[in-house]
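Asker: Each chain, written out:
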Amino acid sequence: MGGEPLLRVEQVGKAYFGNRVLKNISFSLNKGRILGLVGENGAGKSTLMNILFGMNVIAETGGYEGKFYINGREANFHSPNDALEAGIGMVHQEFSLIPGFSVTENIVLNRESLVYNPLVEAFGDRLKTLDRADMKRRAGEAIRKLNFSLDSETLISELPVGHKEFTEIAREIDKSKTQLLVLDEPTAVLTESEAEILLDSMRRLAKNGIAIIFISHRLREVMEVCDDIVVLRDGEVVLTTEPSKTSVREIASSMVGRNIEKAAQGDAEGRKFGREILRIRNLWVDMPGETVRSVDLDIKEGEIFGIGGLAGQGKLGISNGIMGLYASGGSVEFDSKTVQLNNPNSPLSMGISSVSEDRRGVGLLLDESIAWNIIFTSLQNQKRFLKSLCGGLVKVRDDSAILDCARKYIQELEIKCVGPGQRVRELSGGNQQKICLAKAFETHPRLLFVSEPTRGIDVGAKKVVLDTLKKYNRELGMTIVMISSELEELRSICDRIAIIDKGTVVGIKSASASSEEFGYLMLGTSEEAANR
Amino acid sequence: MKDIKNFIEDVGWPRILIALFLLSLFVLAPFVGVRLDASINDTLVRFGMNGVMVLAMVPMVQSGCGLNFGLPLGIIAGLLGAVTSVELEVTGLTGVLTAMLIASPIAVILGWCYGLLLNKVKGSEMMIATYVGFSSVALMCIMWLVLPYKSPNMVWGYAGKGLRTTISVEAFWQNAISSIGAFRINEFLAFPTGMFLFFLLLCALMSLFMRTRTGTAMTIVGSNPDYARASGVNIDKMRTLSVVLSTWMGAIGIIMYEQCFGFVQLYMGPFYMAFPAVAAILIGGASVKKASIANVIVGTILFQGILTMTPSVINSMIQTDMSEVIRIIVSNGMILYALTRATKVRS
Numbered sequence: 013m014g015g016e017p018l019l020r021v022e023q024v025g026k027a028y029f030g031n032r033v034l035k036n037i038s039f040s041l042n043k044g045r046i047l048g049l050v051g052e053n054g055a056g057k058s059t060l061m062n063i064l065f066g067m068n069v070i071a072e073t074g075g076y077e078g079k080f081y082i083n084g085r086e087a088n089f090h091s092p093n094d095a096l097e098a099g100i101g102m103v104h105q106e107f108s109l110i111p112g113f114s115v116t117e118n119i120v121l122n123r124e125s126l127v128y129n130p131l132v133e134a135f136g137d138r139l140k141t142l143d144r145a146d147m148k149r150r151a152g153e154a155i156r157k158l159n160f161s162l163d164s165e166t167l168i169s170e171l172p173v174g175h176k177e178f179t180e181i182a183r184e185i186d187k188s189k190t191q192l193l194v195l196d197e198p199t200a201v202l203t204e205s206e207a208e209i210l211l212d213s214m215r216r217l218a219k220n221g222i223a224i225i226f227i228s229h230r231l232r233e234v235m236e237v238c239d240d241i242v243v244l245r246d247g248e249v250v251l252t253t254e255p256s257k258t259s260v261r262e263i264a265s266s267m268v269g270r271n272i273e274k275a276a277q278g279d280a281e282g283r284k285f286g287r288e289i290l291r292i293r294n295l296w297v298d299m300p301g302e303t304v305r306s307v308d309l310d311i312k313e314g315e316i317f318g319i320g321g322l323a324g325q326g327k328l329g330i331s332n333g334i335m336g337l338y339a340s341g342g343s344v345e346f347d348s349k350t351v352q353l354n355n356p357n358s359p360l361s362m363g364i365s366s367v368s369e370d371r372r373g374v375g376l377l378l379d380e381s382i383a384w385n386i387i388f389t390s391l392q393n394q395k396r397f398l399k400s401l402c403g404g405l406v407k408v409r410d411d412s413a414i415l416d417c418a419r420k421y422i423q424e425l426e427i428k429c430v431g432p433g434q435r436v437r438e439l440s441g442g443n444q445q446k447i448c449l450a451k452a453f454e455t456h457p458r459l460l461f462v463s464e465p466t467r468g469i470d471v472g473a474k475k476v477v478l479d480t481l482k483k484y485n486r487e488l489g490m491t492i493v494m495i496s497s498e499l500e501e502l503r504s505i506c507d508r509i510a511i512i513d514k515g516t517v518v519g520i521k522s523a524s525a526s527s528e529e530f531g532y533l534m535l536g537t538s539e540e541a542a543n544r
Numbered sequence: 010m011k012d013i014k015n016f017i018e019d020v021g022w023p024r025i026l027i028a029l030f031l032l033s034l035f036v037l038a039p040f041v042g043v044r045l046d047a048s049i050n051d052t053l054v055r056f057g058m059n060g061v062m063v064l065a066m067v068p069m070v071q072s073g074c075g076l077n078f079g080l081p082l083g084i085i086a087g088l089l090g091a092v093t094s095v096e097l098e099v100t101g102l103t104g105v106l107t108a109m110l111i112a113s114p115i116a117v118i119l120g121w122c123y124g125l126l127l128n129k130v131k132g133s134e135m136m137i138a139t140y141v142g143f144s145s146v147a148l149m150c151i152m153w154l155v156l157p158y159k160s161p162n163m164v165w166g167y168a169g170k171g172l173r174t175t176i177s178v179e180a181f182w183q184n185a186i187s188s189i190g191a192f193r194i195n196e197f198l199a200f201p202t203g204m205f206l207f208f209l210l211l212c213a214l215m216s217l218f219m220r221t222r223t224g225t226a227m228t229i230v231g232s233n234p235d236y237a238r239a240s241g242v243n244i245d246k247m248r249t250l251s252v253v254l255s256t257w258m259g260a261i262g263i264i265m266y267e268q269c270f271g272f273v274q275l276y277m278g279p280f281y282m283a284f285p286a287v288a289a290i291l292i293g294g295a296s297v298k299k300a301s302i303a304n305v306i307v308g309t310i311l312f313q314g315i316l317t318m319t320p321s322v323i324n325s326m327i328q329t330d331m332s333e334v335i336r337i338i339v340s341n342g343m344i345l346y347a348l349t350r351a352t353k354v355r356s
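If you read the protein sequences in the order shown, they are chains A and B. 13 is the number of the first residue of the first sequence in my numbering; add one for each residue after it. 10 is the number of the first residue of the second sequence in my numbering; add one for each residue after it.
Wrong hints could be hidden among the right ones.
Computed from the model, here is a short list of chain A residues facing chain B with C-beta under 8 Å [stated by the list, open to error]: (1) Met335; (2) Val374; (3) Thr389; (4) Leu405; (5) Val406; (6) Lys407.
Partial list, computed: chain B residues near chain A (C-beta under 7 Å) [what the hints assert, rightly or not]: (7) Thr223; (8) Ala226; (9) Gly241.
If you are wondering where the hints come from, they were derived from the structure by calculation, not from laboratory data. Virtual Cβ for every residue (Gly too), placed ideally from N, Cα, C.
If we strip away everything but chain A, and leave its shape as in the complex, we get (with noise of 0.2 Å):
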């Protein structure tokens, strides 16, 4: 190819108030070349794309090290509109249309096509009229390029969330500038067709000479567009790659494989487990964005199970859905016994507790005080902390016995606060974390599911976090479901593993499985249209 390549990434580095997310990064992409960047969630994509975008959020958290440059220039863009004066164009994950325009005009918005009027003499050229016919000419050029039907005087709320992504693109594709697009997994919204329309249209793209940064989870996809590969782990480059040169085995492996041998295995050997105490069958659950399909699950009586899967993919409405928090449907039989769905106060009282991964919107009253915050399920669901007034009469809270329950968690669990009488607000999230657990834990549940524990806190609240959730299933033998987006920390505690993939069970794997094998279930490819 020679000659200057259109993006040079140098040692680019960041963190976020000392919590390193990227470093080292460098890679350069050619014209009309598609780089498929990919990585877990959380292995420092998005961080990436907004520094290269130029995203007010990195500034104002210190910059960046390194430098990139742009056709062998250095660049250093300091707000988005800059990045998009360079010829860099972005299409997010979430949708920036408006719903009440037509397709044309969100394709052609702020660079419509305008012509002159006698306003404009004495008001400036703010007052030109809008030529609808070019801009009707302009969109359609646009989505012709991408080799897709578009009605373009649609209005966006009435279309279908594909269509969506294709006005986006569109958009990008009609900016004359564009040479560098970044697609942030653009086909996970799309159905199976659409995608393949989409990767069609990402190769004639890239023979127009646009250079593109796809970001996907779907490595199959990755496989089969891309010119170059980028994975990305833990804020560093692991593997540069090319599709010819590599398979998705190795892609996988290393995406999710840390250094295996570090990561505590658990004693999870040779543990006896009792009879099947939950089961799960064609569980749907309705929760936004985690939307479940169909779950089959049975878990044993005394293991810590780990359910698994990237984000999105539906894992956290499966202990939302069976705590009542979204509709949903199917059978739940804990201890033979069923749990009515739909009915917070059911598995409750059944001695099945949860913590959520919504800590502040579900899991806290921030307002209340830390003892308030572990009795209240206890008190409500159990009618404990009560005290009987004038003979039985009434029964009013008894507020000795809270602060009593409060400060033996508070030493047990080392919270560190002022008091029991503080209020959670004021509280950092490590510590906040350990109140949500022991609220679950003063209902003495028999089953405990655990939403992403250790979202969001620092290291030593994440030790000690996971090992109160493994003393009390060792010593208590309470029965723990823990569901996480870090696959290592699953399979440091727990024994056996479900990865969830669109809604549904992809496999249940022992924690000492390989992690290649975590990683195929995950991206929902089989271990044989691996092998390929």
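Since the structure of chain A is provided, determine the placement of chain B on it from the hints.
Answerer: Frame of chain A; chain B shown alone:
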């Protein structure tokens, strides 16, 4: 020094300033020819009259339904009880209790419907509540004319039907509760013991209720509905209960007000009744999301004190009648201040 700082932080600047202002009015009063003992008497009476209606705000604030701007609905139930008891010609303490007894089921039914409505408009309860209050008053303006009350003490003299705008209860049960155990200190100052005892009894009951399992659940629903639901609490039921409770207290509150005031005010009477109660609890330090019994007591004393003292002292100073203007500025100003105030986190 640190203790003073903590005290100020706990009590809050607005309350300290208002209390100092009120105190300065009391100090100033004798110098402009306003009798101190008469002023204290007025303040005490007004406190007792309005206290229950301010207390009615607590359950709805705690359950997250916001301030009960729809208080006129409860007041209407109370008015129905009052005029019915006058129609039945029951006098004395029995008369007041009859009024409350009749008002209660009406308040519960109205409150329940009102609660169902508020559950449909989560997030904008206070605006809807204001209009519920206003429109119910308008509807009752027709009903007062149409309802078949016959007592010559209450109907228009020339037509022989339709209730008058103001009905005196002097002959029936004025001061029936206030006078229980009341004692006179001098010509201008009396202490309405019964009214205070009744108010404190209701405060104690409310405080007890808030500490029960149901009361705690109500507070949690207001604090974080999602948390409450995940803990198995029926959110809508708790909210409806709080609205019923608030409406019922509104009904009892207006009867307390009338037995002290001596008149039943119909038609547009209840129209603006919610605002002084809202202003009082906000002055007392409550927010739209949290209110306590202490907020009620402190707020009612401060607000009614200002309302009593400002007009009389300032009128005497500037020799014109500004009382109503000042009242409106103070009460609406307080509502404005409190509603725009954000709850801040102590770090």
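Asker: Give a verdict on every hint.
Answerer: Outcome of the hint check:
1. Met335: holds (7 Å)
2. Val374: At 4 Å from the nearest chain B Cβ, A:Val374 passes the 8 Å test, so the hint holds.
3. Thr389: holds (4 Å)
4. Leu405: Hint violated; A:Leu405 Cβ to chain B Cβ min 10 Å, cut 8 Å.
5. Val406: This hint holds: A:Val406 lies near chain B, its Cβ roughly 6 Å from the closest one there, short of 8 Å.
6. Lys407: holds (6 Å)
7. Thr223: violated (10 Å)
8. Ala226: holds (6 Å)
9. Gly241: Hint holds; B:Gly241 Cβ to chain A Cβ min 4 Å, cut 7 Å.
Hint compliance for this structure: hints 4, 7 are broken, all remaining hints hold.
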